[in-house]
Structures are given as structure tokens and as C-alpha cells.
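S.K.: Protein chains in written order, with this note's numbering: chain A, 6 to 353; chain B, 6 to 353; chain C, 6 to 353.
Hints were generated in silico from the structure; no laboratory data involved. A hint or two may mislead.
Given that identical chains are not distinguished, each listed pair holds provided it fits within a single copy or across any two copies.
Only pairs whose alpha carbons sit at most 16 Å apart, straight line, appear in this in silico EDC-like list of lysine to aspartate or glutamate [what the hints assert, rightly or not]:
#1 K308 to E35
#2 K308 to D61
#3 K34 to D311
#4 K27 to E108
#5 K322 to D119
#6 K27 to D283
#7 K171 to E292
#8 K30 to D311
#9 K30 to E188
As the structure is a prediction and not an experimental result, all values here were calculated from the model.
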Amino acid sequence: MAFLQNAWYCVGWSSDLADKPKSIKVLGKELLLYRCADGTAVAVSNVCPHRFAPLDCGRIVDDQIECPYHGLRFDRTGACSLNPHGSGTIAPNARLQSWPLVERAGALWAWMGDPALADENEIVQYDYVTDSSWTGFTGYLHLDVDYQVVVDNQLDLTHSTYLHAKTVGAPRQETAEGRDRREYRFHTADGIIHSDAVRRDTPPAPIFRLFQDRPLGDIHAPMSLYLPSNLILDIATTDPGAPKSSGSRLPSAHFITPETETSCHYFFAFFRNERIEDARITARMEELVRHAFVEEDAPMIQKCFDRMGGKDLFELKPVILETDAAAVYARRALAKLIRDEQLKNADA
Amino acid sequence: MAFLQNAWYCVGWSSDLADKPKSIKVLGKELLLYRCADGTAVAVSNVCPHRFAPLDCGRIVDDQIECPYHGLRFDRTGACSLNPHGSGTIAPNARLQSWPLVERAGALWAWMGDPALADENEIVQYDYVTDSSWTGFTGYLHLDVDYQVVVDNQLDLTHSTYLHAKTVGAPRQETAEGRDRREYRFHTADGIIHSDAVRRDTPPAPIFRLFQDRPLGDIHAPMSLYLPSNLILDIATTDPGAPKSSGSRLPSAHFITPETETSCHYFFAFFRNERIEDARITARMEELVRHAFVEEDAPMIQKCFDRMGGKDLFELKPVILETDAAAVYARRALAKLIRDEQLKNADA
Amino acid sequence: MAFLQNAWYCVGWSSDLADKPKSIKVLGKELLLYRCADGTAVAVSNVCPHRFAPLDCGRIVDDQIECPYHGLRFDRTGACSLNPHGSGTIAPNARLQSWPLVERAGALWAWMGDPALADENEIVQYDYVTDSSWTGFTGYLHLDVDYQVVVDNQLDLTHSTYLHAKTVGAPRQETAEGRDRREYRFHTADGIIHSDAVRRDTPPAPIFRLFQDRPLGDIHAPMSLYLPSNLILDIATTDPGAPKSSGSRLPSAHFITPETETSCHYFFAFFRNERIEDARITARMEELVRHAFVEEDAPMIQKCFDRMGGKDLFELKPVILETDAAAVYARRALAKLIRDEQLKNADA
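Modelling step: build the complete structure from the supplied sequences, incorporating the hints.
M.R.: Structure below.
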């Protein structure tokens, strides 16, 4: 499997660089992130080209990273700025790879492909982290699975009433035949893949009961995927029949970044627009979300992925349900983007 | 290495299904075992054909298993009985593999090959678990080794006086030259492989001292292998020279079921015919057996297997002793059965 | 990667055989070391040729090792001396490989190649362990890395001021441009590879402050590599400008023995010539050295090695500094020795 290189991937929250450098592996590359004296965050390789030492264990001296093994220093562009030994000669290959890094609304985004193609406007918008009229939390989870099965999981939220009934899922609404009365719509627009669900006249999920009092209402759950793997779920509960904008909102971000072919980073954020002054609600929400992700989603996704035995999803000829429409479309669209990128690179 | 498919393999004790489903991997296949309302135990695939979720985490509803991830339901034959989403259409490939499962004298047996060939009469007989005139215990051990080295271990009980002197092994009886005075006979009859040993005028093994008082006696230790990998050791101690049927008996079952090429399940049972009302003796016997298996056999077998480096036993040109006759014969007989089965399948 | 077979490798300290046999894997071979009644230490294979049982778990009977699984016995030459079963026949292939083993100045050395070529005079000399006019300690570390990166580490002690500033490293002495004022000389003589450093008018490393009082002095740090992988660092601090022989000496041994292609044994010894009666100094020195090796060197070397992804160092086109001269020369010299040995074996 190849990755889409020309894309912005979330590599952390701004707070990750509060006091020291951070290392993170992205698309198989070891990145070192650190903040310069002027506040700018930069991304260079975390591997010293001398003996392959991990630079994140080193110290920052005048915006340069000093290798903790033999003391070579590299500046924010990745150039070697000091060889303290012998005559001090700096070899031409003494250079760290570097990547465009952008800090946007509390998140750090790295562009992993051709720097000339990096366009900050393509970064997915989720402005709640730094907007004081909203409150919530950010988090992180490491998963030992192909990032695409995490995207699959988010694009098919029917799992929520089965797996997350005690945390973030709305209760089942079954017909006499045992079918779920959830309304579902898959569509695409401007390259964004929409997997939208609505439930009407339903009791809210446990997480909504923490900050709104409707015993029954409508739940609007539009999930948007920005390829390759960044998702926004702009969920809200409203009075029955009322417009979504009038509701109690809980927009969440799900930024999924491939680490290797069989592991990924999951950066998440949940922000709400009501009772924002109550920190105890926030703490309880974070607890529920962590439980849902760590105890419910992660083990399930892990077991499913392990049973795939390293094979591609379609090669396994899975049963495909109507509610898989978005996930199937997304996988095919991403495969095409990757193929196009590879053809272009082969031409160049 | 291939497995013999057309065979009954032990997949559990009846008590394993007392209150919930059970999952077990057999010959590389993921099985889900559960008990229906009428008491019948069934075996279907534990892998949902939609996203490969582990079904054993789901709930049983009207003899159907409900997938814990997205709620699909499957009946006891493996057919999908409900798709709760969208229009509820059930795809033709929405089906779980199923296997013949028989419950016999307290054990669960699955037939892994062609269902048309399954004959319950071929299940090895060990009736003590459900016979109230005997008492004892059943147990289970998971081993990270090829199941054949566990069979080897059982077919050559000379190891017992060396490895199990403090638990289940009789003391050494050495000649002046340091040779063991154990009598040994290997023979086959009706497809059963017999590896029989007798010791005369010998103090009994520690496990026998728990329920019989002879300071010296004869030990009759006939081991029978029912291919591929189910063994019965019908051991007894008697007064010197007395017939075996007059003795203190301790017949044990050793049902070994391949999990993968490098791991297996070991279901064991030990039942005795004397002092059967004394539960403290049973508890102490179980302790000795667990110690023998967990602390003595398992580490030894594991280390031996690890040193084989994934190679076939014969390829390693091992020293073969006279007392390896049964194990060598068994390996060759099993290899022939597997080869014949493969040729037959290739023809079909 | 191949290993140099015709060489002495350290396989333990004499004290390792104080009361029981020892097993150690060397160049991929499982060795069993044990001491005979006459005090001689011998090395035979640790793998029983019958079922591959680990012999080090067995007992020694009259200078023979008894297999803990089925009781076969082997003498100090590796010949099978007893088969206790059946007729007692001993098969011709019932034999353990054996290796020349020499005990020299407190260390055990095994010759892994053609026994006819074993020459004890080629064992590296480090006589302090058994010389009562010196005091110190021996130790052992297991590392999951190719042994050559440990040799690299020792041949380039520039890392000491960065990685070991709090333990065994001398403080940095920087020029205005940030360069280290350490004097360095690489040379070879009689097949020995020398990587020598001198620091002048410098405060001593923390480990020297434990047994000598010079606030400032010269540090002489000549490292010698005896191929394939045994190193002696004959370090001393002196009064400024005084000859090395007048100094406080702390000669250390670093005997590195390949276990597999990706793991090795590290036998170390540190002995001093001053305040040798003070056991508290020795204990504190050992603490510092353990901290330096376990907390500083080992994690760094491990991370560097892991990032090499199983590739050869030169294939990765590393930046090579002037101070890498000895390490680069040593790798090439060793590769040549291995190549020559292989050619010779192919001819034979």
C-alpha cells in the first residue's frame, strides 16, 4: 500500500510543543517537531544522518537541534550548522530532510509531499479549539491498524448504537422487523465525502445528556471526510423538527494520520456550544469519549484489522451494506488519488 | 505443514458454554461455539463477513448471534437472519461457515472437514467426565508449539521420571549400568497407536500417593493415540503381579487440537476410581497435574520446539531411540493420512 | 552478514560457573559451559541431539551432563556416554558439538572456528581481574543490536561528553566556535586498531572524581580494538603534562560477542590502581558504569540500530566524520577477514 504524499496530515496539537521537541512517525518517516524562539513550529527529520540517533532526545540551542549522541547541530531548515569534532568540516550530505509545517487553530499540520505544491488553504477547517465561545478538549490515540479501517469506522456510524450505547451512541430505534429507523444519506460535494445520518424523536446519547436536557429530540449527525483521512462530525440535537442550527452542538474532529502501513495516529477534538463555563461537564465528556475510543472502538477495530491478515479490504470480498456507501466510495477515491500521484511522479 | 481436515477435534469442555459463547481458533479457522435454547451446542465462524468483527463479543438473541459492531444477525446454521440497516437487504455472501459439532461425555468435538464424512462413532471414547462412579477434573492449556511435539511428548513417557519426578512421574529404577528397568512395548491395532510401559515393584508416583497406599506395586501405563492427536493414558497401580483391572486407576485424556502451525490447544482430564468422595484429594491432584504441565512440560516443550527453528523433525536428523518407536510411527502415519486426503481433494 | 569463525570470543566471567552450568548463544550456536571436577571449564552444545532439549537445565553427573528431558548423558568431549532406555544402544549421531574453551585471567574464551587453528596466545590480554594489586568489577549486558554498532560506539568516544556527562564522560572543552578541544589520533599496529584521545587541563569525569583528587589534569584515553570485537580502554588521568604512567589509572575491558546477527553480549570490566582497599568506591563506580551503559548507551545504540532497518551501515550512506576513522577502518578490516575466511573455507 502506498500513501498519498501531497496532503496535509495532522501531526499534533499546539500544546504538544509547549516545552520540548516532539517526535512522530508519519507515512513511515521520522519527524522531529520543535518550536523556535520566535514561536514558529518546524518539522525536520528526527534521524541524525551520522549514526541515525533520535534527535528529539537532544537539546535545542539557538533554534538548532543538537544531536544527543555526538553533538552535531542542525538548524530549522535541516542544514548542519556545527560539527564540533576534529577540523569541524561539514560534509555535503550532513542535512536533515524538512517538511512544511503549519499551525492552524491549535493543530499542527505537516505537508508530506512536494513542498512546491503545499497550499495552506487545503487544510481542513475546525476552528473550535482556539475559539473561546466553545469549550471542549483535544486528545490522541495510537492504533496498530491501517488508517483506512479507522476512516471506515467513522464513515459508518451505524456502529454507534451497538458499540457505543453507553457512551457516545444514541439508543436503537427498531421497527417491528428489527430494523433501525435511522435516516441515512451519502453524497459528495467539492471533493468532500458526506455520510449523514438523522434520528428523529429519539432520546439523546449519554454524552449529550451531560449538557442538554431534552428527553427526546432530533439528532443530526453529518460526517464529512476530507481525503485522505480527516473527518469532521458536526453533530447536534434539536427540539423535534427544529433546524439543526438551533440545537445543542458538539462538533468533533477526527484527524487520522498514517504512521506505517499497519499503524496510525488518531487526533481527536470535541467542542460544545452550551454550558461552556462548566469544567466538570468537560471532564465527564472527555471520560466518556476516552472510554468509547479506548475500550470500545480501539479493541473492535484492532480485532477486525487483525482478522484481515494484511489483505486489502476488497480482496477479502466483504459483505457490503447500503450504509457502507461512503466508506466504499472513499476507499476508491483515495486509491485513485494515490494512483494518479504515482503516475505523475513516474512521469517526472 | 497441512492439517488433517476430516477428523474430530476437541474444542472445549461442556462447561465452557455454561453461560456465554466461546471462541476458539482450530486449524487456523476462527470458531464461535454457543449453546441454543434447546441445549444444543453449535459451531459457526467467529468472523462477521461484513467487517470481520469477532462475533463472540456479541449477544445471542433467539438462537442467533448478533454482531457487536454493526448488529447483523446470523442463525445457528450460519445464515444471516437480519440486516438492521437501510432497506434490510441481505447479500447472498452474508453467511457464516458452520461445522458439525458434537457434545459427547462432557467434551465438545468439531469436525473440520467435509460435513458429509462426519461420523460421530469415530469420536474417541473417554466417558469418565460424566460418569458419577469416577471423580476428577478437566483442564486446558494453550501452547505455542506445533501440536505434533506435544503428541511426541505423550508417546514417549520415559521423560516422566526425569521431568516429572516430583509430580506425575514414577521414580527411576536404574540397573547397575544406569539403565532404566522400565518395560516398553509399541504396537498398533485398529488404527490406534499403542505406547505401553510397565514398571514392577516400584514406589508409585507422587500423584498416586494421594489416593492409594501401596508403598510398592506395579505401574501399568498404556498410552493410546487416536490419530491425529487425541491420547488416552489408562494408567493404574496394582499390587505386585496383580492384574491391572484390580488396581487404583487414573485414566487421563490428552486431547490436542492444532490452533495454527505453531500453536495448539491441550484439553486434559484426569479421573480416578478410588476415594472419589474426597474433594481435597481431587484439588491436590489438580495442583500436581497443573504443576507438571505448566512448570515442567510446557517450558521444556517450548524450548525444544523453539530450537527446531520452524523445521520438520526428520529434516533435523534427530537421534532416534528405541523408545521413540511410537512417536516416529505416529508422525509417519499422520503424514500419510494428510497426503491421502490432499490427493483425494485434488482429484475431486 | 557472516561472523568471523576463527577467533576467540569471550563467553563469560569465571565466576559465572561458580555453582552451575551456563548457557550462552554465540554466533548463533547454543553453547553449554560447565566446570568439571578437576576445575576445567568446557564448552559443548546446549542442544540435545534427541529432541533438542536445553541441557543447561540438566544436572552434572561425573563430569557428564544429563539431559533434563529423557536422561541421555554426554561427556566433556560431547560424546554420548549413556542412553538409559531400552537396550541402551547409542546411535553414532548422538554427539554434542564441542568448542575449545580457555579460562584466562578471570574470563572464559571460546574458539568458534576450526579447532586446529586455536592459539591461546591470540587471546586479548587484560590481567587485572585476577591481579590483587588492582581492584574493580566485572559485568554483563545483553543488547539487541548488531555487535558492530557497539564496536563503533567504543571506537568513537566523542560521544562520551554528550551522552555520559554525568557518569563516565569528561566535560566538554569548547572553542569559541563551539568545537571540542579534544586531541585525537587513529593508527594501527600489529593488527590492533587504535583510537586514542587526549584532553589537557580538564576537570576529570565523574567516575574519576570517586578515587582521585586532581581538580584539573590531563586525560589519556587510548582505545584499542582487537578484531573482531574486543576492546581495551587504558584510560588515566595525570597531573597536567605528566606522563601517563604516573597517573590514576582505570583500564577497562569491553569484550563484545555476537549472539545472533541482531543481538550481542557485552562483557565489561573496570579496574583501578588507587585506593583499592575502599569497597565503597568500587560499588559507586559500578553504579556509575551501569547507569552509563544501561540508561545512556544501551537505549541510544538500540534506537540508532533500529533506525538502520536491518541495512548495512555503508549502504545507508551515513555522514562520516574525521573521528569515525577508526570505526570505518575496523569495519572494513573485519569485512576483509570474514571474506578471506569464507574464501579459504570454500577452497577447502
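S.K.: Hints the structure violates: just list their numbers, smallest first.
M.R.: Failing hints, ascending: 5, 6, 9.
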